[in-house]
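S.K.: What follows is the residue order along each chain.
Number of protein chains: 2
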Amino acid sequence: MKKLDTPSVVQIGLIVRDAEKTASAYAEVFGIPKPEVVMIADDSFAKTDFRGKASTAKGKAAFFDLGPVQMELIEPIGAPSTWEEFLRMHGEGIHHIAFRTGDMGAARDFLASKGMETIQHGGWDGGQYAYVDCAKQLGTILELLHNDK
Amino acid sequence: MKKLDTPSVVQIGLIVRDAEKTASAYAEVFGIPKPEVVMIADDSFAKTDFRGKASTAKGKAAFFDLGPVQMELIEPIGAPSTWEEFLRMHGEGIHHIAFRTGDMGAARDFLASKGMETIQHGGWDGGQYAYVDCAKQLGTILELLHNDK
Numbered sequence: 001m002k003k004l005d006t007p008s009v010v011q012i013g014l015i016v017r018d019a020e021k022t023a024s025a026y027a028e029v030f031g032i033p034k035p036e037v038v039m040i041a042d043d044s045f046a047k048t049d050f051r052g053k054a055s056t057a058k059g060k061a062a063f064f065d066l067g068p069v070q071m072e073l074i075e076p077i078g079a080p081s082t083w084e085e086f087l088r089m090h091g092e093g094i095h096h097i098a099f100r101t102g103d104m105g106a107a108r109d110f111l112a113s114k115g116m117e118t119i120q121h122g123g124w125d126g127g128q129y130a131y132v133d134c135a136k137q138l139g140t141i142l143e144l145l146h147n148d149k
Numbered sequence: 001m002k003k004l005d006t007p008s009v010v011q012i013g014l015i016v017r018d019a020e021k022t023a024s025a026y027a028e029v030f031g032i033p034k035p036e037v038v039m040i041a042d043d044s045f046a047k048t049d050f051r052g053k054a055s056t057a058k059g060k061a062a063f064f065d066l067g068p069v070q071m072e073l074i075e076p077i078g079a080p081s082t083w084e085e086f087l088r089m090h091g092e093g094i095h096h097i098a099f100r101t102g103d104m105g106a107a108r109d110f111l112a113s114k115g116m117e118t119i120q121h122g123g124w125d126g127g128q129y130a131y132v133d134c135a136k137q138l139g140t141i142l143e144l145l146h147n148d149k
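Chains A and B, in that order, are what the protein sequence lines are.
Throughout the first sequence, residue numbering follows the numbering used here, covering 1 to 149 in sequence.
Throughout the second sequence, residue numbering follows the numbering used here, covering 1 to 149 in sequence.
Here chain A stands alone, though its shape is the one from the complex:
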């Protein structure tokens, strides 16, 4: 791989202290339905790995569309995770922008060859994700998303 699969950002990830409260505020300001708050990384298939070690950290999340891009609000639950680390170090704010890949291994290897290392990875029922620390090169964390089907 000599570049990522696509330059199309599909999601903006925002770390918050209270997902319910922030979801209500977005719904009110933009006149959109209040999204449901769901648990993430809380199932056996999640297999969350943070900096090379298994982690039981979870999150409360709300997903909604801001036009062409999905917004994900994430309230960290437990530790360690990149979500908890970001909140502790930076406070609330935008944690990542996400891109789809057809080959998670090749995309991670490509970024690692440029000094951008995966700091957390895991999955959900239907896909896998990896957060890659590109703060030094790209000013933010990138998330790679892969759908199994």
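Some hints here could point you the wrong way.
No copy is singled out in the list; a pair is fine if it fits within one copy or between any two copies.
For lysine to aspartate or glutamate, the following DMTMM-like pairs were computed, each having C-alpha atoms within a straight-line distance of at most 20 Å [said to hold, decoys possible]: (1) Lys21 <-> Asp65; (2) Lys114 <-> Asp103; (3) Lys2 <-> Glu28; (4) Lys136 <-> Glu20; (5) Lys34 <-> Asp18; (6) Lys114 <-> Glu92; (7) Lys34 <-> Asp65; (8) Lys60 <-> Glu36.
Source of the hints: derived by calculation from the structure; they are not laboratory data.
With chain A held as given, fit chain B onto it using these hints.
M.R.: Structure of chain B alone, referenced to chain A:
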């Protein structure tokens, strides 16, 4: 106004220390042309106002598309500005998400009625912008964009 004009995010704004260097890194990772770095807020019509006072602060910026959303890299030049303040307080990272409005005054008043105050505003040859501090309610700064024509 009882909600913003549109929930469609049109731009993600990233504060960086070196716009040239970061623009090159995005071009390389995503396989896109390296965007030109231009000066922003450097003309008489810019009329930059930061927290109620005129400011001569400027920025170096690079604009490019990540699929449906524009990415704006901003390297703060001089002070005071929300760009310089963000870099000093948070380091590099995503500073704002932007939305278009057809009525800048009404949009700013609507957000102010909810405790979200404009911290910087100004213009360019063809439009106006306002950065609204929604950190407490929405976890980030919103930018309102209005095209004059």
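S.K.: Against each hint, give a clear statement of whether it holds in the structure.
M.R.: These are the hints, each one checked on the structure:
With identical chains, the CA atoms of Lys21 and Asp65 are at most 20 Å apart within one copy only, with a shortest distance of 17 Å there and 31 Å across copies. For the identical chains of this complex, Lys114 and Asp103 are intra-copy neighbours only, at 17 Å inside a copy versus 44 Å across copies, given an alpha-carbon limit of 20 Å. Taking the shortest alpha-carbon separations for Lys2 and Glu28, only the inter-copy value of 9 Å comes in at or below 20 Å, while the best intra-copy value is 43 Å. For the identical chains of this complex, Lys136 and Glu20 are inter-copy neighbours only, at 14 Å across copies versus 32 Å inside a copy, given an alpha-carbon limit of 20 Å.
When the C-alpha separation of Lys34 and Asp18 is checked against a cutoff of 20 Å, the pair qualifies only within one copy, where the shortest distance is 14 Å, while the shortest distance between copies is 38 Å. For the homomeric pair Lys114 and Glu92, the shortest alpha-carbon distance between copies (19 Å) is at most 20 Å, but the shortest distance inside one copy (28 Å) is not. Taking the shortest Cα distances, Lys34 and Asp65 sit within 20 Å of each other inside one copy (11 Å), while across copies they are farther apart (29 Å). Taking identical chains as interchangeable, the C-alpha atoms of Lys60 and Glu36 lie at most 20 Å apart only when both belong to the same chain, with a minimum of 10 Å there against 40 Å between chains.
Hint check: no violations occur; every hint is consistent with the structure.
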